[in-house]
Amino acid sequence: MKRIVPVLVVVACIFALWYAGSFLMNRAWVMDQAARAGTEPGFSEVLRDTMNQDRAKLPAPHQVAAELYDGILDKKVTSKRSLVYHGFITFQATMAGFALGIVAGVALAVAIVLSRVADRTLMPWAIISQTIPVVALAPMIVVLTNAMGAGSLMVPKAIIAGYLSFFPVLVSMVAGLRSPDRMQLDLLRTYGASPRQVFWKLRMPASLPYFFASLKIAVAASLVGAIVGELPTGAIAGLGARMLIGSQFGNPMIMWSALFAAAILAAGLIWIVGGIEKLANRMMGGQRA
Amino acid sequence: MTEPVISASDLSLTFQTGDGPVHALKDVSLDIAKGDFVSFIGPSGCGKTTFLRCMADLEHPTAGTITVNGVTPEAARKARAYGYVFQAAGLYPWRTIGGNIRLPLEIMGYDKADQSARVKRVLELVDLAGFEKKYPWQLSGGMQQRASIARALAFDADILLMDEPFGALDEIVRDHLNEQLLALWAKTEKTIAFVTHSIPEAVYLSTKIVVMSPRPGRITDVIDSPLPRERPLEIRDTPEFLEIAHRVREGLKAGHSYD
Amino acid sequence: MTGTMARIAWPLGFGILVLILWEAAVRGFDIPPAILPAPTEIWDAIQRSTHILWIDWVQTVVKGALTGLILGAIAGVLAALAIDRVDFLRRGLLPVANFVAALPIVGVAPIMVMWFGFDWQSKAAVVVVMVFFPMLVNTLAGLEATDRMQRDLMRTYSASHAQTLGKLRLPAAMPFIFNGLKIATTLALIGAIVAEYFGSPTKGMGFRISTEVGRLGIDMVWAEIAVSAITGTALYGLVALIERRVTFWHPSQRRG
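Protein chains in written order, with this note's numbering: chain A, 1160 to 1448; chain B, 2 to 260; chain C, 43 to 298.
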């Protein structure tokens, strides 16, 4: 209770501010319309009109909620206007990119930990890769994958998502694989263990809590990658494409509902991955990274 | 008989925990006179640190009264009546040794020239002259702890509260610091309250040894040391010293239930 | 010095090797420049169009990304300091801010473009929103990073809230703040370029990339990518350099 109440109050304040913002930002249009019609609207009329505009500068929360309800539950999931349909397209790319990111992150981390040369050459480039804005690279990834015969946008989107999500996995796995201390390593030396045995019996198990701890960040990054990947690639389906369409047609409701659908998808993914992390921690005896 | 510097009567402190109330201190009464060196010794959970924290206004007793310099601990804290030395040196890594000692002086608003003079003086007092520009992490543990004592001395409080300051150091370094602390005490005539779990340390340093025991935290014995104020390290081999140590050990045993 | 040399030589050598292989592959397999131009062709494009690249760079990086980064970072730190003063707010806002920081905030780009127009103001606004939350969350975490003993020490000096903040908690929070700033610099460039895909004047890196892709001016696209990559790395390097100066005392920075 003690932890919930402040959060609820803060959320309530955000909604109140949102409504106030809707009123203030949408009022100009209402007054403009009234001036053209030559009427003097009273406060309650202005209030009503600011809360129900189709092209509101800032749609009120209940409008966004209605649009979300309509897009998620009222449309057939196969409809081109269903948010479930678009959300699923983005979800697929997110998952493919997530898988790609995990494989690449773990593989690179193993190489970096086992080889001094890889540590020196790859680690700086891994950091540099994240400082390069991936959105700039995105159209080229589409061109290149097309030239190689990928055929659909799924492959480049997954690559862009993987590009953003491999990094947190890599960083955590390097830390995890290096987490055994001198004493633990010396113990295995006294057993005459081979490097392979040291890796599988000590480094790998020690890195697991770090691995699971990195997944939440990785999946969130992957979703950002999937959405960003839809923007410059001429996609027509997916939540990012929805935002683009809303922007082109000047329809704020489409933008807001796509934004919130993306937030809901992110929250769901983080929640599920967080659950997997907790489960894994429990199975490993409650140790944490 | 002059006014005691620190005076506690029927002091109690109860923590509410998930497993019910914990009596960290129960009906503790003690007077500390000016210039005393008082050690608090006992097993963990006996409330010795809690008692010290009450004097420093870092903990608030649930019953009883305690005064420091004749006023409440809070008023004494606000008047900067004491210096406190913690178990770890707790020096700020982003400040030099000199900067760390200057920290309380900056907070208390001493002027720049005075700050520098005081830093120089206390560094000499703890035998760290020449280390002013070093960073804490470039010094050994013993040197760091000496710097933290210098930090507590810098603003000339009459009372020094020390919570197991040498607990984390090895025996040889500890002997050396004990000797230095006695010399410092003789030079500055401060009143010192000192928490420890080492019997030889308590006997070697103190004019008064307070033996405490846990569940509930209380005082079981108060021993006034007959040893002279001037104490070379060799005093620890004299029969007088061993006799007091024996009495402390008996006191600890009596208060301990070994459950 | 040999250690520093090796630290730079290895990755540099790797980068040069990749460029040579790239050049060789494009020439060897006769890859058309509309798919992948060779590094030398990209270098030609850079030299040919320095003026355009400069205009785009000023528009996207200086006006969009850096303005937004500075405003957003300052706002994030100030908000954290304000929230920190009120315990109720901290307990309420921290979970919310943590949650929002994990969401795909890039999605506000079309909304900001609608609100602030096509020019750099909307790009800076997107960057402000994207940068704000990581800065807020990291600063708040940093302000919590002092241990009890250090706070008790300030209490024994009966230090004021401002004194404890200035002398203990802010310095201790610096490693966290710089961590947030590093995340923020990479987000800033992404945000500024993304926002250009939702509408921009006829300049800017994102604008140039999307129009040149349409005109098959692929070498120009790669030129913009090269500029953005160098900018991103340089910005990150600059922040890392300042971090080294400010948090020299932190165990992770104490080498040599």
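To be clear, the hints were calculated from the coordinates, so they are not data collected in a lab.
Treat the hints with care, as some may be off.
Now the in silico label distances, taken between C-beta atoms and shown as ranges [stated by the list, open to error]: (1) LEU280/C to LEU1346/A: 35 to 45 Å; (2) ASP189/C to HIS61/B: 48 to 58 Å; (3) LEU63/C to ALA169/B: 52 to 62 Å; (4) ALA76/B to LEU1346/A: 49 to 59 Å; (5) VAL1276/A to VAL23/B: 36 to 46 Å; (6) ALA169/B to LEU1346/A: 40 to 50 Å; (7) ALA1270/A to ILE94/C: 54 to 64 Å; (8) VAL288/C to PRO229/B: 28 to 38 Å; (9) ARG69/C to VAL1262/A: 30 to 40 Å; (10) ASP157/B to ASP129/C: 48 to 58 Å; (11) ASP189/C to THR66/B: 47 to 57 Å.
It should be emphasised that the depicted structure is a prediction, and the values quoted were computed from it without experimental measurement.
Heads up, the beta-carbon is just placed ideally off N, CA and C, and yes, glycines get one too.
Status of the hints after comparison with the structure:
{"no.": "1", "hint": "LEU280/C to LEU1346/A: 35 to 45 Å", "verdict": "holds (44 Å)"}
{"no.": "2", "hint": "ASP189/C to HIS61/B: 48 to 58 Å", "verdict": "violated (21 Å)"}
{"no.": "3", "hint": "LEU63/C to ALA169/B: 52 to 62 Å", "verdict": "holds (56 Å)"}
{"no.": "4", "hint": "ALA76/B to LEU1346/A: 49 to 59 Å", "verdict": "holds (56 Å)"}
{"no.": "5", "hint": "VAL1276/A to VAL23/B: 36 to 46 Å", "verdict": "violated (57 Å)"}
{"no.": "6", "hint": "ALA169/B to LEU1346/A: 40 to 50 Å", "verdict": "violated (26 Å)"}
{"no.": "7", "hint": "ALA1270/A to ILE94/C: 54 to 64 Å", "verdict": "violated (40 Å)"}
{"no.": "8", "hint": "VAL288/C to PRO229/B: 28 to 38 Å", "verdict": "violated (53 Å)"}
{"no.": "9", "hint": "ARG69/C to VAL1262/A: 30 to 40 Å", "verdict": "holds (32 Å)"}
{"no.": "10", "hint": "ASP157/B to ASP129/C: 48 to 58 Å", "verdict": "violated (35 Å)"}
{"no.": "11", "hint": "ASP189/C to THR66/B: 47 to 57 Å", "verdict": "violated (31 Å)"}
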